[in-house]
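Throw the hints in and build the complete structure from the sequences for me.
If you use this note's numbering, the sequence shown corresponds to residues 1 to 1049, in order.
Keep in mind the hints are simulated off the structure, nothing from the lab. Some hints could be false.
As the list claims (entries may be wrong) - Here are the simulated distance ranges between beta carbons: (1) R238 - G56: 27 to 35 Å; (2) I869 - E595: 52 to 60 Å; (3) Q312 - Y223: 43 to 51 Å; (4) I173 - Q109: 24 to 32 Å; (5) A313 - Q226: 29 to 37 Å.
As the list claims (entries may be wrong) - Below 20 Å or equal to it, Euclidean Cα-Cα: the simulated EDC-like pairs (lysine to aspartate or glutamate) are: (6) K340 - D985; (7) K519 - E961; (8) K519 - E807; (9) K45 - E807.
Where is the CB? At the ideal position from N, CA and C, for every residue including glycine.
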Amino acid sequence: MFFNTLVTFSLRNRLFVLIGAMLITMYGAWTLTRMPVDVFPDLNKPTVTLMTEAEGMAPEEAEQLVSFPIETAMNGLPGVTRVRSISSVGLSIVYVEFDWGADIWRARQQVNERLGQVAGQLPARVLPTMAPVSSIMGEIMLVALTAPTDGSISAMQLRELADWSMRPRLLTIPGISQIIPIGGEVRQFRVLPDLQRMNALDIGIEEMTTALRQFGTNAGGGYVDQAGREYLIRNLGRTTSLDDLRNAPVGFRNGQTILLRQVAEVDFGARFRRGDAGVDGGPAVILGIQKQPGADTIRLTQAVEAALADLQAAMPPGVRADRVKFRQANFIETSISNLKTVLIEAAIVVTFVLFAFLLNVRTTFISLVAIPISILLTVIVFSTFGLSINTMTLGGIAIAVGELVDDAVVDVENVFRRLGENRHRASPWPVLQVIAAASMEVRSGIIYATLIIILVFLPLFALTGIEGRLFAPLGIAYIVAILASLVVSITVTPVLCYYLLPGMKNLGEHDTWLVKRLKRLNDRVLRWAFARRAAVLGVAGIAVLAAGASVPFLPRAFLPAFNEGTVLISLTFQPGISLDQSSALGRAAENIVREVPEVRGVGRRTGRAELDEHAEGVHRSELDVDLEPSARSRAVVLADLRDRLSVLPGAVSLGQPISHRLEHMLSGVQAQIALKVFGDDLDTLRTLAETIRGRLAANVPGLVDLQLERQVRVPQLRIAIDHERAALYGVSTAALLQNMQAMTGGIVVSQILDGPRRYDLVMRLSDANRTTASLSDAMIETPAGRVPLRLLARVEDADGPNQVLREGARRRIVVQANTDGVVDMAQVVAGIRAELANIQLPPGYSTGLEGTFQAQEEAMQTIGLLALISLAMIFMVLYSRYKSAVLALIIMGNVPLALIGAVVAIWIAGQSLSVATMVGFVTLTGIAARNGILKISHYINLSLHEGERWGLALVLRGSAERLTPVLMTALSAGLALIPLTIGADAPGKEILHPVAVTILGGLVSSTLLDTFVTPILFHRFGRPALERLRNDARAARDAAPAHALPDTF
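Written as structure tokens, this is what we have:
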């Protein structure tokens, strides 16, 4: 057997093994300091975001002319799972989602190819662009830039500092994907034509536009040779002076030059704003800093903070450039710190357990050596395969800590006992031979137990959604750590036993006071149980049935709530509200939130930043609220915030930054539950959604933050061309539209460069000249002369949708909600489905229910199905070893015994049946089967190799001799989880707490009941299998060479 050979090799090359272990330890420690650290594994579903600026287009036009052609082209791409789009005023955003595991760079290449094919179908000068590749956890910081309160720095100057000082500097940091500023005012050179003066001087819009396009440009001049040298000729016309612009000629009339200042107001102005920002009730520019996928968040944050310190030193007096309102690294550092503490506390608990049983420094030391070597070996494997240190990989190690000593404990205990027995022999064996034989004696059981642990984790690796990306690294960490401990027990442990154990004086007295007491108690309890075997098995069976029957009544959830230390508050006001009014309400919300005692600071973002891939209207605001620890629970603080914000005239939704991004990735909506209504007519969709919302609010308890996507009709000023009159005056539709765009929406006619800074030169009518009456009187150039616009088009007040959302090539509106945390998610979803079943939809309209519950249901089904397959594979492995279905089933009987304690623990701890608890069940299956293997294997070895006759004495002796390793491994594994069961809401622990509770409860029940059930079942059903194994062993010995070692179990 390979492992027996490895044990022999290690004992023969002892110095080599010890030096190798020290080198691995040092290299692992060095690697640990260089590992990337993040909050979670890579949860990014490959998504390509296409943003198209379609200035001047209404939402309906952006949908039909831009979004729909792009959607149609993208829906046929291989690997695409969903295409969504948002069409709003002058903007189209299309999200192309690919299947998990798709290569993002290949996906972007495919999307780019399709864009090339569809480019001819898009309007002129409309160019879709791909947003930079980022991560779901990409927004690592929000940095606020604030001005002094004395007004010495204007909003425009503040935004220039953000755009031209901070943003370029931060983008130079490796790992930064993009910097998105919002707030302040973007400077423009602005030309506001005076229609009356233009009419008086006979200057048209088209003429002014042509003059401005020719202003302030440079031209090449080639080269000239003079005096044997070559000179570059530069023709310079570029200027940054407002006076030069004001004096630019725009026409020539009656022998006189008409200057721009005579027919227009020329000044610096602010770009038309669609977003605003504030901090703690005051104005600010907020920069969203996003990282590239795979970048180390901690190191990147440190680099950003160093850059901010340098930038702050160069800022004007009173300007603050280092006010961080959100820092993802805080959550990461706290989570990792908490898990490091858990690892240390778990190691201390394991040390105490081992010493209490062994009462021997040397044996305890040998067993404990497995922990650091196994962990550092796991780190090396992580580094080799590109895994990061995060809450899930650390969680896998934390769960495994108690089991890392299991293999070494079983090995050391058996070696210690066999050395003692060897000392009292008349002709003692050589020490190396005793240690090798003792190690090989237990090796088979350990290896098969480890193989079973690997098999039970297979369902985790089959999860395909976000739950698979989240928990697969935990399974990898757990398995790698267990395999590393197996390698240590085969190599390092026997060598340390050779150096530290043979010379001990008390080798013959291997049982401590505690072990002797436990063995006497175990003997009495076993004899009592054997006398009442039917009752014991009956009670155990009833307990298993009761536990199984109670599982369907457990509350359901996808994942436990995270504790990020921040709250993300979404405010939605009535669409059609102005940006100024929306910002005022947002500032009021800031001041309300700041009254809550736990709030340290508030950052506000209203509307949409220019570079943002989210098409938020000006009616939406997000508040990033930083909380400090408090005696009040998180639920109480959130309820307080909801109550205070209820006075605002809008919908309020509370969440957390990371949770919000996970929800958005699952359903495309920033809420736990998204009920989507699909159809063609926007008014009908809105009516249906309002009806559904009303019924849910009245009939489904447990819903909070229940609201509609604000798809409503907003006021429009509509200019409709009269094609017959336009033809009468000889003006083309295209020329007329171009004139109207220049007057109403404004056009960027040129750019003015000031060093590295670029400013748009924009021409549009002033607000006073863009009223219905003024536009009607605006003069339009035609071949027949200038005529007022009212003769060519109708200028009227109207309304239209504020945005159009599409998914799956259909329009849709969403009713979204969160749960209150009191009513079970499964009950809430069942209530929603019941209401939907009673709603009659018009033909052509349908609904879809999505959210985190959907991922939970799919994960439960997958884990349940694959768990059955894993159990079948475990049975096959055990059968292949013991050649007995009975013995395999006796060992697997520990699994339902573990279910009893797990279910009871979940009820007591108030946990839900979530993906996390299911992972706990999966882990528990392997641990529970492990103890059964060790016990059954020893029964067989006593009979086959030590001459113990079949009967109660064999079972009692085998149980007593395996009591110490079984209890030590169970207590080490169980008690090491206690730090994870305490402080369930602590960052980093929240997602691992249900796993730990499930395993701890199951270990308690399986260990206690295994004391009776496995010996009774083996004594009742195991004799035929044992006789068969004895015959096989006798035949193998007769056929084997004389020097061969016996095959042990």
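Hints, one by one, checked against the model:
For R238 paired with G56, a C-beta distance near 28 Å keeps the hint of 27 to 35 Å intact. The supplied range of 52 to 60 Å is met by I869 and E595, whose beta-carbon atoms lie about 56 Å from each other. For the pair Q312 and Y223, the supplied restraint of 43 to 51 Å holds, since their beta-carbon distance comes to about 46 Å. With their beta carbons about 27 Å apart, I173 and Q109 fall inside the hinted range of 24 to 32 Å.
Look at A313 against Q226: about 47 Å separates their beta carbons, and that is not inside 29 to 37 Å. Pair hint K340 plus D985 holds up; C-alpha atoms about 16 Å apart against a cutoff of 20 Å. For the hint pairing K519 with E961, the CA-to-CA distance comes to about 8 Å; that is within 20 Å, so the pair holds. With a CA separation close to 67 Å, the supplied pair K519 and E807 exceeds the 20 Å bound.
Proposed proximity of K45 and E807 is supported: the alpha carbons are some 17 Å apart, at most 20 Å.
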